[in-house]
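Q: Sequence:
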Amino acid sequence: MKPQRLATAAGAAVLLTLGAAGESWASTPTVRWTTGAPTPVTELTLPMSFESAPDASGIYFAYYTTLESGTRPYAGFQPKPAVNGKPTLQAVFSSFNANATTTDSHCTYGADGGTGVSCAVQFPYTKGTMYAVELSRVSDDGTTQLMNGEVVDTETGADVAHIGSFGLPVASGRFKAADQGFIEPYLTAGCSQQVTVTYGKPVGKEGGNTYTGSLPTVTDPASGSCLSSMSTDTAAGRQVTVTGDKFTPAG
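Read in order, the letters of the sequence shown correspond to residues 1 to 251 in this note's numbering.
Do not take every clue at face value.
[As the list claims (entries may be wrong)] Simulated DEER-style distance windows between Cβ atoms:
{"id": "1", "residue 1": "Met230", "residue 2": "Ala56", "range": "28 to 38 Å"}
{"id": "2", "residue 1": "Ala222", "residue 2": "Thr126", "range": "31 to 41 Å"}
{"id": "3", "residue 1": "Gly142", "residue 2": "Ser52", "range": "17 to 27 Å"}
{"id": "4", "residue 1": "Ser228", "residue 2": "Asp153", "range": "22 to 32 Å"}
{"id": "5", "residue 1": "Gly128", "residue 2": "Arg32", "range": "20 to 30 Å"}
{"id": "6", "residue 1": "Gly85", "residue 2": "Asp141", "range": "21 to 31 Å"}
{"id": "7", "residue 1": "Thr101", "residue 2": "Tyr64", "range": "32 to 42 Å"}
{"id": "8", "residue 1": "Ala158", "residue 2": "Ser52", "range": "19 to 29 Å"}
{"id": "9", "residue 1": "Asp55", "residue 2": "Thr143", "range": "20 to 30 Å"}
{"id": "10", "residue 1": "Thr219", "residue 2": "Glu68", "range": "32 to 42 Å"}
{"id": "11", "residue 1": "Gly142", "residue 2": "Met230", "range": "31 to 41 Å"}
{"id": "12", "residue 1": "Thr210", "residue 2": "Asp140", "range": "31 to 41 Å"}
{"id": "13", "residue 1": "Thr156", "residue 2": "Asp233", "range": "15 to 25 Å"}
Just so you know, these hints were derived from the structure itself, not from any lab. Note that beta-carbon positions come from the ideal geometry of N, C-alpha and C, so glycine has one too.
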């Protein structure tokens, strides 16, 4: 993995809109995922395709990627307004660790108003194409480990965009083999939207071995969220339609 690949869009400085940027909900739909690996992993691939999404911001499809020390970077995708008429996604990789450092132009200091580092990139996407956030622990100088995030096209293996990279204390360790995530209406507008995505199977790599997990599951909270979800299995993966309680179908 190369931590400084070229991106297909501008860096994070003017792009970052992470979870809870406008509103906050006590509960959100919860995602559970696993790579099936028997140990923590050095590289983590979390795939997702967007079948339909509004030409607007408002909903964050996020994965927790907890490390061995317990520090918990987030990563995922947010639909965004179209750019030059092309559907656009924002990929995010962020750490809430107060000791996180960065020199990456795609990253800024701070995460959701607190300490940490936030990295993001916007890129044009094709609906129905499976993209993945590919996260890796790329180096370790004995004091600091470099964490890197990329967007890849899972069908071709091609690099799509560089999300960003940041340093963490070396004791942070590798990614846990299984974790959770969430689907958050980080803006009030998210409660008026409907988005359909397909989750692919997470992949972990460690010690020259590749492990492929089962399809993630999405569970709605009993109360507290303006979003509800409906899941079905397709040939591509687990398709999930998320609908805000203020959503009004067109026509």
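Q: Compare the structure with each hint and give your call.
A: Comparing the hints with the structure gives:
no.: 1; hint: Met230 with Ala56: 28 to 38 Å; in the structure: violated (21 Å)
no.: 2; hint: Ala222 with Thr126: 31 to 41 Å; in the structure: holds (36 Å)
no.: 3; hint: Gly142 with Ser52: 17 to 27 Å; in the structure: violated (47 Å)
no.: 4; hint: Ser228 with Asp153: 22 to 32 Å; in the structure: holds (30 Å)
no.: 5; hint: Gly128 with Arg32: 20 to 30 Å; in the structure: holds (24 Å)
no.: 6; hint: Gly85 with Asp141: 21 to 31 Å; in the structure: violated (44 Å)
no.: 7; hint: Thr101 with Tyr64: 32 to 42 Å; in the structure: violated (21 Å)
no.: 8; hint: Ala158 with Ser52: 19 to 29 Å; in the structure: holds (23 Å)
no.: 9; hint: Asp55 with Thr143: 20 to 30 Å; in the structure: violated (45 Å)
no.: 10; hint: Thr219 with Glu68: 32 to 42 Å; in the structure: violated (26 Å)
no.: 11; hint: Gly142 with Met230: 31 to 41 Å; in the structure: violated (49 Å)
no.: 12; hint: Thr210 with Asp140: 31 to 41 Å; in the structure: violated (21 Å)
no.: 13; hint: Thr156 with Asp233: 15 to 25 Å; in the structure: holds (24 Å)
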